[in-house]
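Participant: Letter by letter, the chains look like this.
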Amino acid sequence: MVAFPRIRNFFGKLFGKKRSRVGIYGPPNAGKTTLANRIVRDVTGEAVGPVSEIPHETRRARRKEGVEINSGSTKLLIDIVDTPGVTTKIDYHEFMEYGMEQDEAIARAREATEGVAEAMHWLREDIDGVIYVLDSTQDPFMHVNIMMVGIIEARKLPVIIVANKIDLPDAAPQRIKSAFPQHPVVEISGLEGHNMDELYAKISEVFR
Amino acid sequence: MIQGVQIDMLSAERLSKMTSYEKIRLILDDVRQGSVVVLEKGLTPEEQGKLLETTMMEINPGTFSGIEIETYPSSGSDKGFITKLFGKKSNVPRLMVIGPVDQLKMLSREKDRLIAWASAAQ
Ligand SMILES: Nc1nc2c(ncn2[C@@H]2O[C@H](COP(=O)(O)OP(=O)(O)O)[C@@H](O)[C@H]2O)c(=O)[nH]1
Ligand SMILES: [Mg+2]
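First to last, the protein sequences are chains A and B.
Each residue of the first sequence is one higher than the one before, starting from 1 at the first, in the numbering used here.
Each residue of the second sequence is one higher than the one before, starting from 1001 at the first, in the numbering used here.
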């Protein structure tokens, strides 16, 4: 399994392989879009999509092509795909707690269900590697995380786990490390931009 | 009849004779009627992904809000004999509990113990 990406990389260079498509996955509100925007903005000065405290702001996968990740002397060209948060439940009443009207909340719930299905579809067909983003203030053992990491492992995709929001006082990134000892975990704040260099180094190493 | 929640417990043997589609259909049909399903042997990652996608297609605001699904959190923390021997553990979880999200709440989740609360449908 370790040798496989290298071999593919070798043939890839030989035949002009397409760039690696890296999907940013995780539960709703983990900070996926904030992170995607930071990575893309660091590189190109543009943004991928809007961020919101209301869950399911991202209801369609958004792709940014040809993002160059620089770490030390290595350069890696990847496509970044920001995906809708994955969950097993969507209750429109939750959106109304943020002051949304019922009609609007129901429409958002319908779009969100399609978004989750779309995220799963991308994972099945079009993703070469995954950045799995978790909010360090939340319980990492939520079933949806165990399930998604299980699916990613079953598809043998390279993965980096991001312990996000370490700027918050009740962040406990250590819990994430003990939940997923089999994968590299990078502690960051996507919002504040803390520790991005370590993440870029890991991206260059894992998705090469 | 007494008020309560129906619990459908499926043995590993029974599950092994079912196709993936049959398992997913049975789970969602049960859960949509307000039952809780307990699987002696959990779904594979592929089956869980399919269950998730099918759940999303069947969510209907106001009538069905989705599922609660839980298993012992063995992933990662499970560094047993098999893991050491083959360097990789089985991806099929042990016992799995699935129920309607508005009726089944997980209270706590430990390595070898799950505590859930089930309430009757409104
Ligand atoms: N404190 C803190 N908040 C964050 C961080 N990253 C994202 N957020 C906030 O979390 C909420 C959800 O962010 P978003 O990027 O839309 O999450 P997504 O649903 O995973 O795409 C927003 O209110 C963000 O401002 C972080 O590193 N630290
Ligand atoms: Mg988003």
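Hints listed in this document are in silico derivations from the structure and should not be mistaken for laboratory results.
Even glycine gets a Cβ: it sits at the ideal position worked out from N, Cα and C.
It cannot be assumed that every hint is accurate.
[Unchecked claim] DSS-like mimics (lysine-lysine), calculated; alpha carbons at most 30 Å apart, straight line:
id : chain 1 : residue 1 : chain 2 : residue 2
1  : A       : LYS177    : A       : LYS64
2  : A       : LYS202    : B       : LYS1017
3  : B       : LYS1111   : B       : LYS1017
4  : A       : LYS75     : A       : LYS89
5  : A       : LYS177    : A       : LYS202
6  : A       : LYS177    : B       : LYS1017
7  : B       : LYS1050   : A       : LYS64
8  : A       : LYS202    : A       : LYS75
9  : A       : LYS202    : A       : LYS156
10 : B       : LYS1050   : A       : LYS156
11 : B       : LYS1111   : A       : LYS75
12 : A       : LYS75     : A       : LYS177
13 : B       : LYS1050   : A       : LYS75
14 : A       : LYS75     : A       : LYS64
15 : A       : LYS156    : B       : LYS1023
16 : A       : LYS75     : B       : LYS1017
17 : B       : LYS1017   : B       : LYS1050
18 : B       : LYS1023   : B       : LYS1050
19 : B       : LYS1023   : A       : LYS202
20 : B       : LYS1041   : A       : LYS64
21 : A       : LYS89     : B       : LYS1105
[As the list claims (entries may be wrong)] To give an idea of the interface, some chain A residues facing chain B are shown, with a C-beta separation under 10 Å as derived from the structure:
id : residue
22 : ILE90
23 : ILE151
24 : VAL206
Participant: Do the alpha carbons of LYS177/A and LYS64/A lie within 30 Å of each other, as the hint requires?
Facilitator: Within the cut-off at roughly 29 Å; holds.
Participant: Hey, LYS75/A versus LYS64/A, does the alpha-carbon distance stay inside 30 Å?
Facilitator: holds (17 Å)
Participant: Can we keep the ILE90/A interface hint, with Cβ of chain B closer than 10 Å?
Facilitator: holds (6 Å)
Participant: Tell me if the straight-line CA distance from LYS75/A to LYS1017/B falls inside 30 Å.
Facilitator: Cα-Cα ~50 Å, so violated.
Participant: Is the hinted pair LYS1041/B and LYS64/A satisfied, with a Cα-Cα distance of at most 30 Å?
Facilitator: Not satisfied, since the Cα-Cα distance of roughly 40 Å exceeds 30 Å.
Participant: Taking 30 Å as the top limit, are the C-alpha atoms of LYS1050/B and LYS75/A close enough?
Facilitator: violated (37 Å)
Participant: Check whether the Cα positions of LYS1050/B and LYS156/A lie no farther apart than 30 Å.
Facilitator: holds (18 Å)
Participant: Is LYS202/A close enough to LYS1017/B, meaning Cα to Cα at most 30 Å?
Facilitator: Violated, at roughly 43 Å.
Participant: Taking 30 Å as the top limit, are the C-alpha atoms of LYS1023/B and LYS202/A close enough?
Facilitator: violated (39 Å)
Participant: Assess, step by step, whether the Cα of LYS177/A is no farther than 30 Å from the Cα of LYS202/A, and give holds or violated.
Facilitator: Holds, at about 15 Å.
Participant: With a cut-off of 30 Å on the C-alpha distance, tell me whether LYS202/A and LYS156/A pass.
Facilitator: holds (18 Å)
Participant: Is the shortest C-beta separation between ILE151/A and chain B less than 10 Å?
Facilitator: With a minimum Cβ separation of about 4 Å from chain B (threshold 10 Å), the hint on ILE151/A holds.
In this structure, the earlier hints numbered 2, 4, 6, 11, 13, 16, 19, 20 and 24 are contradicted, and the remaining ones agree with it.
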